[in-house]
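**Q** Here is what each chain is made of, one letter per residue.
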Amino acid sequence: MALTKEQIASKTEELKAFIAAHKDIDGPLMPIMQHAQESFSYLSMETMTLIADSLGIPVADVYGIATFYAQFSLKPKGDYVVSVCQGTACYVKGAAAVLEEVKSRLGIEAGETTPDGKFSIQDTRCLGCCGLAPVMVVNGDVYGRLVPADIKGILEKYDA
Amino acid sequence: MNLETLARIREEGQANAAMRVATGLPGTGVHHVMVCGGTGCTSSGSEKLCELFASEAEKQGIADKVKVVRTGCFGLCALGPIVIVYPEGTFYSQVKAEDVAEIVESHLLGGEPVERLVYEDIGDLKLPEGHSPTLYDTVFYHKQLRLALRNCGRINPEDINEYIAVDGYRALAKVLTEMTPDEVIQTVLDSGLRGRGGAGFPTGRKWMFAKAPAPKKYVVCNADEGDPGAFMDRSILEGDPHAVLEAMAIAGYAIGADEGYIYVRAEYPIAVQRLTIAIEQAREAGLLGKDIFGTGFDFDIQLRLGAGAFVCGEETALLTSIEGNRGEPRPRPPFPAVKGLFGKPTVINNVETYANICQIILNGADWFASQGTKTSTGTKVFALGGKIKHTGLVEVPMGTTLREIIYDIGGGIPNGKKFKAAQTGGPSGGCIPAANLDTAVDYDSLKAIGSMMGSGGMIIMDEDNCMVDIAKFFLEFTVDESCGKCVPCRLGTRRMLDILTRITEGKGEDGDIEKLEAIAADLQCSALCALGQTAPNPVVSTLRYFRDEYEAHIYEKRCPAGACKALLQYAIDPEKCKGCSLCSKKCPAGAISGEIKKPFTIDPAKCIKCGVCMETCRFGAVVKK
Amino acid sequence: MENKTVTLTVDGVTVTVPADATVLDAAREAGVNIPTLCYLKDVNAIGSCRLCLVEIQGARGLQAACVSPVAEGQVVTTNSPKLRETRRMNLELILSNHNRECTSCVRSGNCELQALCREYGVDDYPYDGKLSSEKYDDVSPSIVRDNSKCINCRRCVATCNKVQGIGAIGVSGRGFRSEIGCIYGESLADSPCVYCGQCILACPVGALKEKDSISDVYAALASGKHVVVQPAPAVRATIGEEFGYPVGTSVTGKLATALRRLGFAKVFDTDFGADLTIMEEGAELIHRLQNGGKLPMITSCSPGWVNYCEKFYPEFLPNLSTCKSPHEMEGAMIKTYYAEKAGIDPKDIYVVSVMPCTAKKFEAKRGELSHDGLQDVDAVLTVRELAKMIRSAGIDFRRLPDSDFDSLLGESSGAGVIFGATGGVMEAALRTVYEKLTGKTLDDVNFTAVRGTAGVKEAEIDLDGKKITVAVANGTKNASNLLEAVKRGERDYTFIEVMGCPGGCVCGGGTPIVNATDRVYIDLKAERAKALYAEDAGKPNRKSHENSEIKAIYADFLGSPNSHKAHELLHTSYSPRAKYSKHEA
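If you're matching them up, the sequences are chains B, W and S in order. Numbering (my numbering) for the first sequence: 22 to 181. Numbering (my numbering) for the second sequence: 31 to 655. Numbering (my numbering) for the third sequence: 566 to 1150.
Chain B extracted, bound-state conformation (with noise of 0.2 Å):
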């Protein structure tokens, strides 16, 4: 859900009061951007400029920081973020296929967001739950042992 001015504004001082509060503990870097993601669902470049700025750093290692780790976001994400378990054990069940059928029924690939913004995918590498391979999950909702078939409904569930 895109945030409003208004909450923007409030999770910026939110954001401003954890760094302050964290700034000096050793290597503050990581964990001010996952705050940050988590309160935002991505990073912006305000938000990269704010954490850069408070911590002295360039922008562009922040920047670096973000791009290199698969939990941070330079968009935000969808409503609900599918992700397909794509780890060993799902994969020889059969979770590629999975994923496709999750990628062709909303019409984007792994990474991308749904232009109204209800959906992300995410192919995520290994939740732990190989005993249910192949695995899915939505927004904590785990579905186990999945056929392409199932997708259909279950993405129905959210798509109301």
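For the record, the hints were derived by calculation from the structure and aren't laboratory data. Here the structure is a predicted model, which means the values were calculated and not measured. Incorrect hints may have been included.
For lysine-lysine, the following DSS-like pairs were computed, each having C-alpha atoms within a straight-line distance of at most 30 Å [what the hints assert, rightly or not]:
1. W:K587 <-> W:K654
2. B:K26 <-> S:K1001
3. B:K26 <-> S:K1144
4. W:K595 <-> B:K173
5. S:K1130 <-> S:K1001
Distance ranges between label pairs, derived from CB positions [to be verified]:
6. B:A38 <-> W:P299: 20 to 30 Å
7. W:A242 <-> B:H43: 47 to 57 Å
8. S:D937 <-> B:F39: 54 to 64 Å
9. B:F39 <-> W:D321: 28 to 38 Å
10. W:P364 <-> S:K1147: 38 to 48 Å
11. S:V1085 <-> B:L24: 46 to 56 Å
12. B:L24 <-> W:T306: 19 to 29 Å
13. B:E27 <-> W:T306: 28 to 38 Å
14. S:G623 <-> W:F372: 21 to 31 Å
15. B:L95 <-> W:E310: 45 to 55 Å
16. B:E27 <-> W:F372: 37 to 47 Å
17. S:G623 <-> B:D162: 46 to 56 Å
18. W:P364 <-> S:S1140: 29 to 39 Å
19. B:I78 <-> S:G809: 41 to 51 Å
Each residue gets a CB set at the ideal place from its N, CA and C atoms; glycine is no exception.
Dock chains W and S against the given chain B, drawing on the hints supplied.
**A** Just chains W and S now, with coordinates in the frame of chain B:
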């Protein structure tokens, strides 16, 4: 907390603790309902079960006779959610919400286990007459030796007192009051414990290297378990977090560090939550912090979350990441023991390694060394996955054969398919063929056959899995996860993937295998870190054991396993086809046509090779070529 | 601490080196050059290209020499079949992701990758595949980045971040997709980049180069316009390297001849502009001193520094001297004074500056550096570009006779010459300010305290009883350190010289590129500066205010320093600039 308090808490909880290990004990008159709270079972609804058990017991008026405990992982994830009822040790599998009332009424109230839910595959084990099988009698558990996982499923990981009841923090008390740091290191050294995270470097030696006096040192726990298909560490953290905290404190005492960091995957929310609770409880109890047990020893632990980069499982990359950088490995030497976190001497071990420490201290180096094999002592936890019946977590003595793990404990390959290979060591490991099933699983034997122990992922593959495709899968992974710093890994893995992609698409050429081998050899000797050096292993090992599959792809443009889409064609066997038209209706590409009651045909130009027709056909008339 | 040493053998040669040396250092001590690509002395040692691999007895696997600490009794092998094969393989892999338009590449001939491929006999490209990035950024007027040639060695990144403290570029993404560049894949033009061009000097291949001005200059020469050229002080001390002269050889006379042969109508000298700058800047300093003006006054002749100040330290803009830089002053004089004298319509004059600098290309396009709708300078060539023109014109540089610059705007004092070295502007200014302020003649014109290659230099100058403190910083990071100290109130100066590039103009982003190995052995900053100080010492006249053409221009045209006319033509102003212009709120 002082030693007396520790002993008192232990005594108070001892009866409960004992009951949950040895079944058949008279118990305390209270039923303990242990509900697995690991990620797998939680995903299949175990949290709800906890609530239902409590409310049903209430309804039946036996709330005071039932203790519901949400535990860590029992291991048999394939059959989750799992519920164990003590003192009987009854093993319920695939428990559903609607089963709870019956279990409470029949078993907890009436003393009669609900047979239809009891998992009792005990193989050819002979039980005395009238003795109903318990958890420990099942084939899945019988051959296991749970040391690192000893408390998983046995205690409530969110209650420090339950941990103390099973000898928790006794090892820390022992080292602080009875042992010198050197004695601790010597004990770990003598135990023969080797790092459980990958290469198997002796843990005691690591600690020894960090011994030299320095004003500041760190102890780090590598909980960035990134191997796809591996969840040993996660289960330990979810089921027994204090064991890791205690071991880190012991390491801190041994090398003279007062600060520890746990770097844990953010993708493991339950583990993170339990660690957070455990650290808080330990601090409150004075088991972390200043002047532990009044000995003057200070030690505290901070949690840091990974951010989704496999390479951060490499120790120097992990340290770089904590410091707030792109998680790129640093050259070694200098090793972390000399120059680690924030440039200070650092001991870094993985979760499972730490999980063994306390028992080594309590039971002695000789006890530990007597388990397993001479050069690989103790046990190893494996995450069994893929084409195997008992997907889950198993712990066996080092030296157990693959066959025992796969067929005895793992229950073999489902659907009557043939075993093809076991992949161990994740993206750094290799594929082991049927001919090597009797290999004893230990560091050196696995290495000798071109794989590696790795962190313990074990993925089983059957005849439907194409080994070129699997090699490509792993290379895709490494290309994606390579940090991009050094040339061989950044470019070599990608060029290998290019070639593998070509081969699986039917565009392989003579000479491709040699090119793969040349790049692989270069990576192995010249990549900067272990991730790069081992990245070609999946290719090298499949080339070693399944070269014919590569050759079939390249020279015959054929995928023997029928997995590579570009190389296969679906066709309808006119002999078997009844002309029912079902496949034609289901085909999403409109590629199948024919006259009712006459054999249908597939137009290869339109076919998208999705396989729906094959799934649909009730007569087995659709074949892959 | 005692100076500990260790002794080891490299390829059988026993050497003793400091205990904190690397195996690479030790090998060089033993007379062995291990191939390197990502290593750049004092700048980048990350062990990523995997070419400097060596075998160390007892160590697991191959080790990167550039980051391997030496140890007592170590036995190192740098040349074995396995090492040669591994290096060759890694070169092939690098080439598999490299745009191999080598024949026409700006770095053909002094490309470090090309040289190594030749040494290792890489004659085949067995692993060709899709390039990881083909981003081409030629938006800025100064620097072009071509990721299709980038080998991700990160020397540029380390230079930009660690040496210059700017952080315009970094590594983004991961694995094969990782690439060097600005955030969001944007252009340098929208980044904090100050166009110093130090990254170009760091680049081992052709992924970084100056924005080409050669075609503009050739076009102007062919257009029938009156094309006038002026080379900066540092050009004479560096261009010889392009023609095989040792580093630090001054080739002033040949330079003038070569320019003339290229067809320029007049060959003036930016050294004259430097003398003019001293007249104006000196007067400005005296004015500020005597009228309570903003101090410390900071020099403004380095465009990299001016960009840096505008983007990073806007609070110091009032401290900047309002003087245009020497070639801009010279350009302004060419299009007014010279035009008038020669009777040429300024619109028909095309001024070409030859500069050791890439930031000058941006500077020349600044709207404020113009007069009557004409830019003071029309095109800026780097030293490298000029050398290329000389070569392509078939001019045999080494056999050229010497000649002088054209008069009117061609005479210079020794003070103008040393502008090219760090501390030179300060020293030149002091020579004039001292005499103007005290009315006395300097006994010794050599202010050696401000010479040398240290990043920050300080001196107390006795202006006949009045003591002033001055400072000199070279490289933007050193400038930042200095300004921070001023901001914190720890330091108080009257006059500060800042040069954007470490070592000053002689090591500017437009100077000849010296490969990483030679940079280990040659102190470029010191050697190139030496040539200028030698030329200064040999000049009959060493003070700007004694330059006869300077005297003439004031008498005939400008009146006096800081006169109304001088202000109109020779001074400018500055304004803060966004670091990320695309992301301004």
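**Q** Are the hints correct? Go through all of them and say.
**A** Hints, one by one, checked against the model:
A C-alpha spacing of about 14 Å is found between W:K587 and W:K654, which places the hinted pair at or below 30 Å, so the restraint holds. Simply put, B:K26 and S:K1001 have alpha-carbon atoms about 60 Å apart, too far for the 30 Å limit, and the pair is violated. Note on B:K26 and S:K1144: the hinted pairing holds, with a Cα-Cα distance of about 24 Å set against a maximum of 30 Å. Taking the CA atoms of W:K595 and B:K173, the gap is near 23 Å; set against the 30 Å cutoff, the hint holds.
A threshold of 30 Å between alpha carbons decides the hint, and for S:K1130 with S:K1001 the separation of about 21 Å falls inside it, so the pair holds. B:A38 and W:P299 have their C-beta atoms about 24 Å apart, which keeps the hinted 20 to 30 Å range intact. Taking the beta carbon of each, W:A242 and B:H43 are about 32 Å apart, not inside 47 to 57 Å as hinted. Separated by about 56 Å at the C-beta atoms, S:D937 and B:F39 satisfy the suggested range of 54 to 64 Å.
Under the hint 28 to 38 Å, the C-beta atoms of B:F39 and W:D321, about 31 Å apart, fit the expected range. At about 42 Å, the beta-carbon gap between W:P364 and S:K1147 stays in the expected band of 38 to 48 Å. Distance hint check for S:V1085 and B:L24: the Cβ-Cβ separation is about 53 Å, which falls inside the suggested range of 46 to 56 Å. In this structure the hint that B:L24 and W:T306 lie 19 to 29 Å apart at CB holds, the actual value being about 27 Å.
Roughly 31 Å separates the CB atoms of B:E27 and W:T306, a value that falls within the hinted 28 to 38 Å. Distance hint check for S:G623 and W:F372: the Cβ-Cβ separation is about 29 Å, which falls inside the suggested range of 21 to 31 Å. In this structure the supplied range 45 to 55 Å is violated for B:L95 paired with W:E310, their Cβ-Cβ distance being about 34 Å. Restraint check, B:E27 to W:F372: a C-beta distance of roughly 39 Å satisfies the suggested window 37 to 47 Å.
At about 54 Å, the beta-carbon gap between S:G623 and B:D162 stays in the expected band of 46 to 56 Å. Taken as a hint, the range 29 to 39 Å is violated for the pair W:P364 and S:S1140, whose Cβ atoms sit roughly 48 Å apart. Distance hint check for B:I78 and S:G809: the Cβ-Cβ separation is about 43 Å, which falls inside the suggested range of 41 to 51 Å.
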